[in-house]
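Between the sequences and the hints, there should be enough to build the whole structure, so can you do that?
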Amino acid sequence: MDATLRGRWFDGRSSQARPVLLRLAGEKKGRASLRLHALDIAAAPTLEFAPGQFEWPDTWEAGGVSTRLTVDLGPHGSLDVEGRAWQQALQACGARVGVAQRLQGRWKLILVALLATALVVWAFTRWGTPWLAGQLARHAPLAWERAVSREALDQLERQGIIKPSGIAPARQAELRMRFAELTAKTPETARPQRSYAPTMDVQFRSGMGANAFALPGGLLVMTDDMVELAGKNGLGDEALMGVFAHEAGHVLYRHGTRRVIELGVLNAGAALVLGDISGVATTGATLLAALAYSRDHEREADCFAITMMLASGQPLAPMADLLLAADKAHSGSRDAGTSALDWLRTHPDTGGRAQALKAGGGEACARS
Amino acid sequence: MNPSPEIVAHPVRFHGQEGQYFRIWIVNVLLGIVTLGLYTPWARRRTVQYFYQNTEMGGGAFEFTAPVRRMLVGFLLFGGLYLAMNLANQSEDSFARLLGSILMVVAVLAAPWLWASAMRFRLKHTRWRGLRLEFAPAIWPLYVASWPLLAIAVLFFCLAISATGLRAYGPIVVLGLVFAIVLLAVLCLALLQYNYARLLVVETHIGAQGGRWKVERGPYLRIVLQALGIAIVLWAVIAAVSGLILTGYAVGFKNVRGSIVLGIVLGFAGWYMAAVPAMAWREARTFQLMWNNTGVSQLARFRCDLRTGSFVGLRVRNAIFSLLTLGLYRPFARVKVYRMKCESVTLHLRGGTEALVGELARQQAEGGFTDALADGLGLDIIGA
Numbered sequence: 001m002d003a004t005l006r007g008r009w010f011d012g013r014s015s016q017a018r019p020v021l022l023r024l025a026g027e028k029k030g031r032a033s034l035r036l037h038a039l040d041i042a043a044a045p046t047l048e049f050a051p052g053q054f055e056w057p058d059t060w061e062a063g064g065v066s067t068r069l070t071v072d073l074g075p076h077g078s079l080d081v082e083g084r085a086w087q088q089a090l091q092a093c094g095a096r097v098g099v100a101q102r103l104q105g106r107w108k109l110i111l112v113a114l115l116a117t118a119l120v121v122w123a124f125t126r127w128g129t130p131w132l133a134g135q136l137a138r139h140a141p142l143a144w145e146r147a148v149s150r151e152a153l154d155q156l157e158r159q160g161i162i163k164p165s166g167i168a169p170a171r172q173a174e175l176r177m178r179f180a181e182l183t184a185k186t187p188e189t190a191r192p193q194r195s196y197a198p199t200m201d202v203q204f205r206s207g208m209g210a211n212a213f214a215l216p217g218g219l220l221v222m223t224d225d226m227v228e229l230a231g232k233n234g235l236g237d238e239a240l241m242g243v244f245a246h247e248a249g250h251v252l253y254r255h256g257t258r259r260v261i262e263l264g265v266l267n268a269g270a271a272l273v274l275g276d277i278s279g280v281a282t283t284g285a286t287l288l289a290a291l292a293y294s295r296d297h298e299r300e301a302d303c304f305a306i307t308m309m310l311a312s313g314q315p316l317a318p319m320a321d322l323l324l325a326a327d328k329a330h331s332g333s334r335d336a337g338t339s340a341l342d343w344l345r346t347h348p349d350t351g352g353r354a355q356a357l358k359a360g361g362g363e364a365c366a367r368s
Numbered sequence: 001m002n003p004s005p006e007i008v009a010h011p012v013r014f015h016g017q018e019g020q021y022f023r024i025w026i027v028n029v030l031l032g033i034v035t036l037g038l039y040t041p042w043a044r045r046r047t048v049q050y051f052y053q054n055t056e057m058g059g060g061a062f063e064f065t066a067p068v069r070r071m072l073v074g075f076l077l078f079g080g081l082y083l084a085m086n087l088a089n090q091s092e093d094s095f096a097r098l099l100g101s102i103l104m105v106v107a108v109l110a111a112p113w114l115w116a117s118a119m120r121f122r123l124k125h126t127r128w129r130g131l132r133l134e135f136a137p138a139i140w141p142l143y144v145a146s147w148p149l150l151a152i153a154v155l156f157f158c159l160a161i162s163a164t165g166l167r168a169y170g171p172i173v174v175l176g177l178v179f180a181i182v183l184l185a186v187l188c189l190a191l192l193q194y195n196y197a198r199l200l201v202v203e204t205h206i207g208a209q210g211g212r213w214k215v216e217r218g219p220y221l222r223i224v225l226q227a228l229g230i231a232i233v234l235w236a237v238i239a240a241v242s243g244l245i246l247t248g249y250a251v252g253f254k255n256v257r258g259s260i261v262l263g264i265v266l267g268f269a270g271w272y273m274a275a276v277p278a279m280a281w282r283e284a285r286t287f288q289l290m291w292n293n294t295g296v297s298q299l300a301r302f303r304c305d306l307r308t309g310s311f312v313g314l315r316v317r318n319a320i321f322s323l324l325t326l327g328l329y330r331p332f333a334r335v336k337v338y339r340m341k342c343e344s345v346t347l348h349l350r351g352g353t354e355a356l357v358g359e360l361a362r363q364q365a366e367g368g369f370t371d372a373l374a375d376g377l378g379l380d381i382i383g384a
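Order-wise, the sequence lines are chains A and B.
The opening residue of the first sequence carries number 1 in my numbering; numbering runs sequentially from there.
The opening residue of the second sequence carries number 1 in my numbering; numbering runs sequentially from there.
Treat the hints as calculated values from the structure; they're not laboratory data.
All values reported here derive from a predicted model rather than from experimental measurement.
Fair warning: there could be bad hints in the mix.
[Unchecked claim] Covered stretches of chain A, going by a simulated chain B footprint (3 or more residues, C-beta under 8 Å):
id : segment
1  : 43 to 51
2  : 69 to 77
3  : 92 to 103
4  : 239 to 247
Note that CB positions come from ideal geometry on N, CA and C, so glycine has one too.
Following this line, the structure appears as structure tokens:
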């Protein structure tokens, strides 16, 4: 199978166009070879090109509307042919075209492929990344986690964000004791990973408002304001124990380490997938996914706290009330009713959380 | 050659269409995702080929002939080195960090040379009527042309060491000095661009003919300063208007949160809307200046009739649509900008288009590593 057409040849030595006769012949594997015969000089030698020795750009339309096409002959210069004639000749000798070219000829195919890719990417962000981070975090050594946490706490102190606690040492020891008792009563089955049970190191600091946070490896920090807030609202130590239980949940689920991995995967992935589209889209998508992960972590920690508190027969309502009080203290005069922006929060909506706590978890914690 | 040939005008034409390029682009994005980014060299090549193939001048289209295997090697090399440098800098090991720092210093010192290799690679694989462009600057003029880089480094070093002592003189002196240093840095950057553009034209040959450069430094820098002025005036106007709206809003509704959000949105939009027209204005004026003052030896001159107003309008429209569509409009914007720039240029050629004689296909040993690495830098050919 072969086909003949005419073209203009630039031999790479001068900008002069030379008329040539071309012959395309079909080869194995849907490729084609080319013979070129110059018409301007009598008895000019015929040049032969094996498949792969000459290349041409893709056609951009299914029908091959590109009026002219430049074929690259490597050291032998280039060939100017009519696009349609070239495509027809290729078809006549049975040459195949690449994936990209086949794709860009068809709108519907592009759309389907795009949708499929979007679905895969979404599924990977929603389930793949958290699962991957969970698996990887299992291998983080406890000593390393502790070192990182110490470093982070020192950093916060050096920057003056937190200061030594003003709570009496006796009161601190009392709270520590109560939490240690609570931990002892927690069944082994409540832990997400049985072999991972670091000793909880409970610390008090002032600053950062009414707050509590957990660092990897079992470092739990509560601020003085939080303890005061519980006292001011007439809530017993059960409320503070609930907060500690929640933070312990973060530790046992290794949320700190997982978050670092999740964000790493997310940033790399977003840059890869959306990098060529726009920076705004990349940043937005990363932010939204990171917030979704954060809410998932809070939910898991809440469920753990419920299990821990119920195991030793502690009431859950004080913790829920403390949450509401802390939320009020943070937002100041802000009125309620902004839950429409649920996907823009780091924490799930506080009212809902408090209700779920009072109800003992409900379907949100059905898994554990 | 004919001793007294007449001069013929050949307008540059672009035959590409927005819809066509959108499909190429979306397929590139798609294949990029599926191959986890490995498709990038192919995507880049297909993009350049599309724009080149559809650009016609003097009876011949442009052609991009870079072998994709070399582009892939460059991409992997560049990616690997970049990754190694990042990993080394974040490492706990002090030896690894030292290695990373050394690598960084080498990269900075080699930057001009890398830029030149990248350009050489690009131009060598650009063909018009079968003739390749040759870009071969010697190493000394290249580094002499790079002096503004050194100047910028010195400026910021001075700023860094004097920062602590300066606070005593009060905020106005500090602000003034920072402004002066930023202004000087901007001028240095513009000079660097000027030097490199000049080098690119003067040291590029097509056949036996070298490029000709008559752009002067003064007008080039004046454009930069004027663009800066435009940006400041626009920014001040927008800031005043949004400030007024903001106060009205805050006083009228007593909604502190709402007005803060509105203020941030307006401020961002203002910054964006001031920067885009100013940069577009500078781009258009520089483009006109350059293409009206360059040529190819005694054979060819270029003329450019780009209309500044329409170009700024186009850039502003593109920016707004790209933002509204979260970037999906970008391929359309790219084609529109490229077309407007392309079709504003006319080639005035003495003698026919057949007169150029190529250097007999010189088969020089190809410096694989640098070219490949430089290609990984991904310096955009299609500047849009």
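Quick rundown of the hints versus the structure:
1. 43 to 51: That given contact is violated, which follows from only 0 residues of the segment 43 to 51 of chain A lying within Cβ reach (below 8 Å) of chain B.
2. 69 to 77: holds (count 6)
3. 92 to 103: Check passed, 3 qualifying residues.
4. 239 to 247: Coverage by chain B is violated for the segment 239 to 247 of chain A (0 residues, Cβ < 8 Å).
Comparing the model with each earlier hint shows violations of hints 1, 4; every other hint is respected.
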